[in-house]
Amino acid sequence: MNDHAGVGPRTNIVLSLGLLVGCALGWLSTDTFGASLQVDPLGPAYYPRFVILCTAALSAAMLVASIRGLRSNAAGQEPAPREPLPASVAAIDDAGTQAVAETEETLPPVFYPRLLSVLALSLAYVLLLEGLGYFVSTVLYIVALLLLVRVRNPIRIGSCALGTPLVFQSLFQKLLGIPLPGGLLDKLPFNLPF
Amino acid sequence: MTIGVCWGILGGALPGITGSIAMALLLPLTFGLDASVALMMLAGVWAGAGYGGSIPAILIKTPGTPSAAATIFDGYELHRQGKSGKALGISLVTGTIGGLVSVVALVALLIPLSKVTLAFGPPEYFAVALFGLVIISSLSEGAMLKGLISGFFGLGIAVVGVDPLSAAQRFTFDRLELYEGFSLVAVLIGLFAVSEMLTQAGRLYQWKRITGEQSSTDMPTLQELRGVGRATAIGSVVGLVVGVMPGAGATVASFVAYNEAKRWSKHPELFGKGSLEGVAAPETANNSVQGGDLVPALAFGIPGSNSAAIMLAALILHGIRPGPALFEKNADVVYSLFSGLVIVNFIMLIVGFLILRLCMMVVNVPVPYLVMGVLALVIVGSYSIKNSIFDPLVTITFGAIGYLMIKYGFSPAAAVLGLILGNIVEKSMRQSLIMSNVGWGIFVERPIALAFIILSVLTLFYPFILQWWAKWRAARSATLSTE
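In order, the protein sequences belong to chains H and F. So for the first sequence, this note's numbering puts the first residue at 1; every next one is plus one. So for the second sequence, this note's numbering puts the first residue at 195; every next one is plus one.
Rather than coming from a laboratory, the hints here were simulated on the basis of the structure. Don't take each hint at face value.
[As the list claims (entries may be wrong)] Covered, in the sense of this in silico footprint (three residues per stretch, anywhere, with C-beta under 8 angstroms from a C-beta of chain F), are these stretches of chain H:
1) 17 to 31
2) 55 to 62
3) 117 to 124
4) 133 to 147
5) 157 to 171
[Unchecked claim] Which chain H residues stay away from chain F? Per the calculated CB distances, all over 10 angstroms, these:
6) R71
7) N73
8) P154
9) K174
Since we're looking at a predicted model, the values are computed, not measured. Here a beta-carbon is modelled for each residue, glycine too, at the ideal position from N, C-alpha and C.
Bound-form chain H, shown alone:
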């Protein structure tokens, strides 16, 4: 299922122009790749330029198509209506419980602050992974993440925060033999069972 439902011609024009600028910058970067060798007459820049040219051509085609679409809209033709989404969606209400809607015409609107917060939190988690260690950083991450996605039950938050890293650490480190960073726990004077 596609959440984008109805990207207009103006947006496509902006996207096309952005892609063309990106292609131009990419092309300029290929100047630093070095010259061709006797054993390789094409050189390291040949193939990247081929890809960039094709992308630029497709972006230009999209730009032309979008401009034509914009002119059609301006001439009075109705843009395609936003498709109603199926009645098979249940939204989670503010209490954090699963709402069962009898009829639902559209998905709940995107709450961008939460989406961006989840993204930022995930990035912070990865950056702290080796410093704090896998277990400590994951506990903190899960607590913060569950609070962000509107879970408020402290018992559930606590059990997920402690249980999830325990399970994954056992799976990856003990069973599969893939070491995970100990971080702060390595500095303890005693060894923990996990």
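Chain H is fixed; fit chain F onto it per the hints.
Then chain F, alone, in the frame of chain H:
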């Protein structure tokens, strides 16, 4: 063998742990075993991983292995429609069939298939990769331009790294981590799983089953299994042929099989919307690759994939030299392997059914916990690739890119296919042009390459030809009726 299968399913189901990694982890344990037993254990891991990768692909849109990426298109849709059991059941049964077909083909056709291996050179590989790229256009119906742009974006991502011929750094920005390019697994998990979890986190909704539909734990019926017969046959053949070509891999096979199954299906319009055939074809292909993969490995000692390389390593560890003399000096080991491959597929079928109910527990997990669990899993899975935080950062970044791609109508699936094919396209193109002294005619002078190029052109223009044909027939009917 049962331990191998269970280990393979577990390894395949965990993002970041591919089938070959699961095999490599078990390899030291095979030192003390008889050569035949060791090979059968590793074959069990290989087979199990092929199925294991589809479990998270269907349930949480996270391919456990790259070869399960194509299963997401219809598998995850089936899960959202409350048919998780059917999707998992089809994946298991058709995967088993694919594995069995590949073993039979391996035993019966090893010599002729080995000749096919020799017939494929760089121009043929380029033509096949081009055919694979053309599939991109069919993955994004109604938005072909954006689909192709997404595919070329994937090709562009594949360029990042050190050039294999001249060692020139390309788009590495002097970062050591980028010398080898982006990890396919990290990008794949980001584009599919993280983008979906960001979407879920942004809206906090859950698809609920429409009242009256079957329970999501229901298995596919016999009629449904018969209904995917054609897709299964296509997946078997595609997997076997692609597997014979060293370097092509199960991932390419699964995408090609998906496309071909869609082309020959009676209901192509259902693909991408929860078609059982859309699960059957890629799952059959990614298991039937196994037999084809072993053809160059056993016949020439040339592994066609990482998994085949590990099988060869196991042979060498037991003092057995792979290659043409293998059948003369160690025929017992080879035939034990063949029989083992048959048995492990049946074991996979039994084990798969037993764990199916366990997997279904994921189906009813509330969205907040699902988001938490999946994000925690993919981050540790990405970290486990190289024990570096770089890969999880790549995963999250591509998760954001994947979200934006979906929001603005581009296709992450096409980007993944471009990334997978990127190295094959570049390497084969450059090798071909070096062979021909930069003469592009080499691609049309070789019959196999020419055949694939013609097929690619037909595939690309097929929808337009159909449209033109339909309009011509309508105009003709209108003319005849007025007369």
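Against the structure, the hints come out as follows:
1. Residues of the stretch 17 to 31 of chain H with a Cβ under 8 angstroms from some Cβ of chain F number 4, which satisfies the need for three, so the listed coverage holds.
2. Residue count for the stretch 55 to 62 of chain H with a Cβ under 8 angstroms from a Cβ of chain F: 5. That meets the three needed, and the coverage hint holds.
3. Here the stretch 117 to 124 of chain H counts 4 residues with a CB under 8 angstroms from a CB of chain F, which clears the bar of 3, and the coverage holds.
4. Check on the stretch 133 to 147 of chain H: 6 of its residues sit with their Cβ under 8 angstroms from a Cβ of chain F, so the three-residue criterion for coverage holds.
5. Counting residues of the stretch 157 to 171 of chain H whose beta-carbon sits less than 8 angstroms from any beta-carbon of chain F gives 5, enough to reach three: the coverage restraint holds.
6. Against the 10 angstroms criterion, H:R71 stays outside the reach of chain F, whose nearest CB is about 18 angstroms from its own CB.
7. Every beta carbon of chain F lies more than 10 angstroms from that of H:N73, the smallest distance being close to 17 angstroms; the non-interface claim holds.
8. H:P154, annotated as away from the interface, keeps every beta carbon of chain F farther than 10 angstroms; the closest lies near 14 angstroms.
9. With a least beta-carbon separation of about 12 angstroms from chain F, H:K174 lies farther than 10 angstroms from that chain, consistent with its non-interface assignment.
Against the hints set out earlier in the document, no violation occurs for any number.
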